[in-house]
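Student: The whole structure should be built from the sequences, with the hints applied where relevant.
Sequence lines, in order, name chains E and L.
Using this note's numbering, you'd call the opening residue of the first sequence number 1 and step up by one each time.
Using this note's numbering, you'd call the opening residue of the second sequence number 1 and step up by one each time.
Hints are computed from structural coordinates only; laboratory data are not their basis.
Any given hint could be a false lead.
For the chain E half of the interface with chain L, some residues (derived, Cβ under 8 Å), not all of them [what the hints assert, rightly or not]: (1) A131; (2) H134; (3) K146.
Label pairs and their computed distance ranges (CB to CB) [to be verified]: (4) E:T240 / L:Q117: 22 to 32 Å; (5) E:G235 / L:Q117: 33 to 43 Å; (6) E:E244 / L:N219: 42 to 52 Å; (7) E:N226 / L:A71: 56 to 66 Å; (8) E:P206 / L:E256: 31 to 41 Å; (9) L:P8 / E:D221: 51 to 61 Å; (10) L:W102 / E:L194: 47 to 57 Å; (11) E:I87 / L:A38: 27 to 37 Å.
All values reported here derive from a predicted model rather than from experimental measurement.
All residues carry an ideal CB built from backbone N, CA and C; glycine is no exception.
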Amino acid sequence: MTGRVAKTIRVDTLARVEGEGSLYIKLVGERVADVKLKIYEPPRFFEAFLRGRHFSEAPDITARICGICPIAYQMSAVHAIERALGIQISPEVRLLRRLFYCGEWIESHTLHVYMLHAPDFLGYPDAIAMAKDHRAVVEKALRLKKIGNRIVQLLGGREIHPISAAVGGFYKVPSKQQLRDLVADLEWALEASLETVRWTAALEFPNFEQDYEFVALRHPDEYPFNEGRVVSNRGLDIDTAEYEDHFVSCTSSIPTPCNLWCGAEVRIWSVRSRAST
Amino acid sequence: MSSEKHKPRIGVFKFASCDGCQLSLLDAEDELLGVAGAVEISYFPEASSAMLKGPYDIGLVEGSITTHHDAQHIQEVRRQCKTLITIGACATAGGIQALRNWKDVDEFIRIVYATPQFISTLKLSTPIAEHVPVDFELRGCPINKHQLLELITATLAGRKPNVPSYSVCIECKRKANVCIAVARGIPCLGPVTQAGCGALCPSYDRGCYGCYGPMETPNTSSMTAQFRILGQADSQVARAFRSFNAWAWQFRKASEECERT
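Tutor: Here you go:
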């Protein structure tokens, strides 16, 4: 191993992520000797300035944590307050919220898959350059993204920082006819989504596996969006209210896999080892 | 290549913000490929790893200034951009993070971050125009993508952009909305807030919360009096003015007057 030349990879501005960061990798031969991920996204202090605000303002304020996935934040605020106040929502509101969330997933995941990540897999700087050789793929992506945005717009008023979701329900709900009008687009989008899965599965992934602990919501009857238990692949199974007992948040200089995708308030969350607590 | 050279070059720069305003460009699904054909998007890290060097014909700046590094960086961005346009409430008014401006930021750091020593920030969150000259401020939290496209088109054509500075009330009247403040007694900031959203909140049965910031000549004291008539306490009126455009001077003055009474 001695005599091998050290090589460094330095990316001062990470591209196609939400948030700002830089990456430094030092290689000795084939071996990674050092990795530094630096997040220089400025802190904004949502937890601090939410104090003293009326509960009805929290969903509007928390949306601003991230412009790409505002619904995730505003619905989290809505659920926390409804739980604190013991509010039960109607089955209709529950279904509309699922649809609302699906809209964000469609637009946000399409953006992610086709416009932020696919250029890396196919060797382009961005989706616009990719469109020169893969016009049909990019046009399909834009149409799929637009359908997601159309759902968010119908239920929330606008795509970014929607205004209709509220504690207890919505300020205003669409008419049945407006919802029916979505059907034709959604039938096309279902097929396009299946094509997306097949297309993405055919991309070449590096053969790299790490011993992660994956955490997700789990619901007994359906794909979990707004409710469920917090579970992990290593046996964690808790109520959402117990979250603080099992997770630690740390601002860290330690290079840890971190989700830059939603790094507006950048934290590195790790599951607290139950053995050590 | 030679024809590419003559395309106007656009740079998109981010400071403290949520990314939503620059996302508006990618959310222009029907126009994106057309825009990309008419201009060269030279620097837009959220969308591209190309990141070409300046100078740029148009710089779109999102976010407020909250760190020493950013206060220096905006000077460099200004030097690189022939026309500098700020987009969104963070860049034009300091954003929601300007709520720190009335509080102790060191306390904010301590209660939010587990290891405060890694956090470096300024006491104030300030708009771009407090640091460098700005050629046009596009309002909104978030901005309206159609206004953004109009602004880019107008700038490239060398004409004045059609971005009205009148109030949300005008948009409400155009949509034939029944006034929710008059008819239903719901507090609404529409009379003092700049148009651009399409009177969105009143159209969804709720009062405007002012995310497009102050209109050209807002009568905030009359607005405050109206909120009081509708039963709002001064603390509630102060909070209404103190959200996404809290540091815009007209809203700032209005909220501070409510706190004093």
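Student: Starting from the hint list further up, note which numbers the structure goes against and sort them upward.
Tutor: Hints 2, 7, 8 and 11 not satisfied by this model.
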